[in-house]
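Residue numbers (numbering that gives the first Met the number 0), protein chains in the order written: chain Y, 0 to 276; chain G, 0 to 709.
Simulated from the structure, these hints should not be mistaken for laboratory data.
Careful, some of the hints might be misleading.
What the hints assert, rightly or not - Output of the computed footprint for chain G on chain Y, the stretches with three or more beta carbons under 8 Å from beta carbons of chain G:
| no. | stretch |
| --- | --- |
| 1 | 54-68 |
| 2 | 85-96 |
Said to hold, decoys possible - Part of the chain G face toward chain Y, derived, beta carbon under 8 Å:
| no. | residue |
| --- | --- |
| 3 | Asn141 |
| 4 | Val142 |
| 5 | Cys148 |
| 6 | Gly149 |
| 7 | Leu150 |
| 8 | Cys175 |
| 9 | Val239 |
| 10 | Arg240 |
| 11 | Gly244 |
| 12 | Asp489 |
| 13 | Ile491 |
| 14 | Val496 |
| 15 | Ile497 |
| 16 | Tyr500 |
| 17 | Leu513 |
| 18 | Val515 |
As the list claims (entries may be wrong) - Between beta-carbon pairs, the in silico distance windows are:
| no. | chain 1 | residue 1 | chain 2 | residue 2 | range |
| --- | --- | --- | --- | --- | --- |
| 19 | G | Arg240 | Y | Lys220 | 21 to 27 Å |
| 20 | G | Asp361 | Y | Glu26 | 30 to 36 Å |
| 21 | G | Glu158 | Y | Ala180 | 40 to 46 Å |
| 22 | Y | Arg247 | G | Val281 | 36 to 42 Å |
| 23 | Y | Lys122 | G | Val620 | 16 to 22 Å |
| 24 | G | Glu158 | Y | Lys122 | 34 to 40 Å |
Glycine is no exception: its CB is placed at the ideal position from the N, C-alpha and C atoms.
Take a look at the letters that make up each chain.
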Amino acid sequence: MTSRVTSLRDRALQPEARLIERKPYYEPLGTEIELFEAAYSSQIPALLKGPTGCGKSRFMEYMAWRLQRPLITVSCHDDLTAADLVGRYLITGNETVWVDGPLAHAVRCGGICYLDEIVEARKDTTVVIHPLADDRRILPMERHGELLHAPPEFALVMSYNPGYQSVLKELKQSTRQRFIAIEFSYPEAALEKKIIITETGLDADSAEQLIRLAGMTRNLKGNGLDEGASTRLLVHAGKLIARGIAPRTACNGAIAEALTDDPEMLRAVNELATSLF
Amino acid sequence: MSLQPPSSDPRLTIALSEPLSTRELEERLDEALDAVLSSRRTAQPLALGLAPLDREWQDFALHWVSVIARTSSEMAYQFAALAPDALRSFDLATAEAWIIHAMDTFDREGLYRGSSELKNLDAFIAASRSRSRAVAFEDARNVLGLFICGLAGRRLKLESGNAAYTDTETIYLPACSTEYASREQNFIVYKAMATHLWAQTRYGTFSIDPAAQLASYPDLRRALALYHYLETVRIDAIIVRELPGLAREIAALGTAAPPPQACRRVLDPAATSADSLALVGVLYDNFTPPRLSYMGTMHPELVQAVRAARIAREKLELQSGLAKILAEKSPAGEAQSAAAQRFAVNRSDPADAGGNFDLSLDGAPVALPANVNDLLQSIAQDLGEIPDDYLVPAGDGSYRDSKTPQNKAADVWQGTYHEEGAVLYPEWDYRRRHYRKQWCVLRELDVHPGNPDFIAATLARYAPQVTRLRRTFELLRGEDKLLRKQQNGDDIDLDAVISGYADMRSGMELPQRLLVKRHKAERNIAVMFMVDMSGSTKGWINDAERATLVLLCAALEVLGDRYAIYGFSGITRKRCEIYRIKRFDERYDDNVRSRIAGILPQDYTRMGVAIRHLTALLNAVDARTKLLITLSDGKPDDYSDNYRGEYGIEDTRQALIEAHRSGIHPFCITIDREARDYLPHMYGAVNYTVIDDVARLPLKVADIYRRLTT
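The task is simple: from the sequences and hints, build the whole structure.
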């Protein structure tokens, strides 16, 4: 029986497997690394704000590597229940076995639990993190009858994009006021260029044109686009170009079509790309 | 003569009948054109013209004569006179397009322009021939607008003009681009024109006043043409550097003759408009500038007027903005006199001419509000730098937003009529089978609050029903359900496990479905109530409508659905009115309650435009299900201009079809007993309810809503 339990526990990934071994590529935008480290050592949870594709998740990987803690990422969605986070009983053969959810798992192994796009989760789900996110740092698991105390190494981090959330998906004040917030935005042109070149191996000229195209789409934000092209999209386009795809085709696939479905906006973004390449 | 119209057209199934005689034609024309005929102007010449045509063409002409005559008899007369010639050169579709084009012009600009469009047959023929390869401004407008917005710099408007030019705030482009053999190339010409005009404002073509600077030359027009050419060459060089893709496309058009050696100077990256100006002197005597297809024209006088107005306005706005910053920084009453020279502005990156500014106050950096930054950018584009006297705070620090219309709706009706500040909507003309563009002028108004006692009285009167309503709607509210025996779930279904275990003991397999799952039902509905406020509702219908809304709101508050209530009325197409009672983002508070009490009968029922406006509002809401519920007491109707009857019904039907296409479910609740004659046609067979007894309206509506949304 113990073996069955272990095998189940094995299936839920081992903490060692969540350790990041190779240093992820990350360019600091400002003082976010110092800020995060200070928050981590003071055991304050952190909230990463910023538009999509500006490096929030990469930052988390980098910090997990830097602090040498396992990183457990949960992508939130509106079917995510409290049980999905904390854990549940499963039935195997003729007995029930408790299996930790990712949050409990992170608390046990003293890892970093990263709740990605937290606003996508239902409000009642987010409430379970409240006792973990203040100075109590406990995770009550009623069903299992256990009270987990978070070790000092444990950290709770969540990310959200203030740009496109609707009124329905606002973060509750009682949730957001437990976190220190670190704001992310798209990097400055020179830095963005360095990132693209490092990530894609593209030549400097094409990288510069990509950044100008990104600037143009960011001008269109609020004029028909919800969001300009993110650094991630530029990296995608850059990778395609570096592989020998014609730049206009690459920009259409990686940037224009990724940004919008509206035919006129699509055309306009493509015209902008055509003007540059 | 004999014409063979395309026989595939279903309207021409009676094609083989005999042509009408001149006398028959004359009678029919007399009837239709009665208003504009006299003893000296008879229908006879018209009839003679139409007589030789085939019957189907005669029918076509007579049909349109009667349709046009409903709008303008004079236009119909003109059409009848031109029809024989026109129908000889057109096929059916082109003829229809020609008529619609002329009628649109008539609607917009009156008889003179309308009839000249009719007469302008040759131009229309030429245009229709080139249409296959032409790109019309209207088709390219949105894409080009976004394109220019993406290129950044000042936000520029795009308008159709008779040539390509700019006054530095609006880019005017010709109505269509037909010069090249393919649509792609013609679009590139448009794009090149727009980019050049944008670049003129961005790269300082008008930072000097060319007309004043060149005034010393004997032939100012020649000098200006040279300056324009040199600037085009300079901007072309900029495009090659900044937008190489576009530069290649322009080069592929094959118009650009390489600029002469003497123009070298403006090709330099550091060249400015001053270099162009200086070169005009060199080239004035011995060089005639070639014309490039995307060059457009230059109107320095327009630019100067717009620019002077903008510079003056922006100086005030900047000073006022700085005063506001200062007021926020320093506590009130602190020595404002020392403010001079306290602000300083620098480019964040001196090398980047389009970059952001840094603002500092007494040497300490100040956060720059976005609008002040935009102002600084715009001023720097006009003047090259920020003059010191601009940085002296002045004014009360309040922003005068030039974009908000200054005219209140009430003022508009007191003075001469104009359309500022209103929203224009098209209307469907079923006879023309086309939209009348920008036909209805609609304004949103506020309902004058009424006596809130009405609400309390209604609630008291219907107290038992309200309690019942609340209870039914509470049941509707998305309650969580526990689903048993699920394959996936949050928790173990003990009952299932026990019976499964028993099964297993008796030799059967353990079932897979042993978990419980919580199903969370979420209502994601937005509903818009459109309330008839026409004069015919006066009296008990109005009371019933208001009571209905009171009960509905009580029920909807329980349910938690998002809802909005708007009233509609108006008189003629120039005065359509929508009354705000409750917006989507408003809470059901005392203000809303007193507005419901204040609903008063107004004028007429022009429904189409109201539906179009509310559709637009409803579409701005993010919801899975969107309902547009109309409370009405009768047919669409309006004072004069033919809205009554079939026209209004068809327009309303068209507006509802548009709403439906955009994902809205329209529904109508009416107390008109005759509604069964026309409502199925407008709303579809199942999307309406007729309530025979007005007194029962308040109770029925909530019930209908419940039925609709479950």
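Results of checking the hints against the structure:
no. : hint                             : result
1   : 54-68                            : violated (count 0)
2   : 85-96                            : holds (count 5)
3   : Asn141                           : holds (5 Å)
4   : Val142                           : holds (5 Å)
5   : Cys148                           : holds (5 Å)
6   : Gly149                           : holds (4 Å)
7   : Leu150                           : holds (6 Å)
8   : Cys175                           : violated (18 Å)
9   : Val239                           : violated (11 Å)
10  : Arg240                           : violated (11 Å)
11  : Gly244                           : holds (5 Å)
12  : Asp489                           : holds (4 Å)
13  : Ile491                           : holds (5 Å)
14  : Val496                           : holds (7 Å)
15  : Ile497                           : violated (12 Å)
16  : Tyr500                           : holds (7 Å)
17  : Leu513                           : holds (6 Å)
18  : Val515                           : violated (11 Å)
19  : G:Arg240 to Y:Lys220: 21 to 27 Å : holds (26 Å)
20  : G:Asp361 to Y:Glu26: 30 to 36 Å  : holds (34 Å)
21  : G:Glu158 to Y:Ala180: 40 to 46 Å : holds (44 Å)
22  : Y:Arg247 to G:Val281: 36 to 42 Å : holds (40 Å)
23  : Y:Lys122 to G:Val620: 16 to 22 Å : holds (20 Å)
24  : G:Glu158 to Y:Lys122: 34 to 40 Å : violated (48 Å)
Hints 1, 8, 9, 10, 15, 18, 24, counting from the list given before, are not met by this structure.
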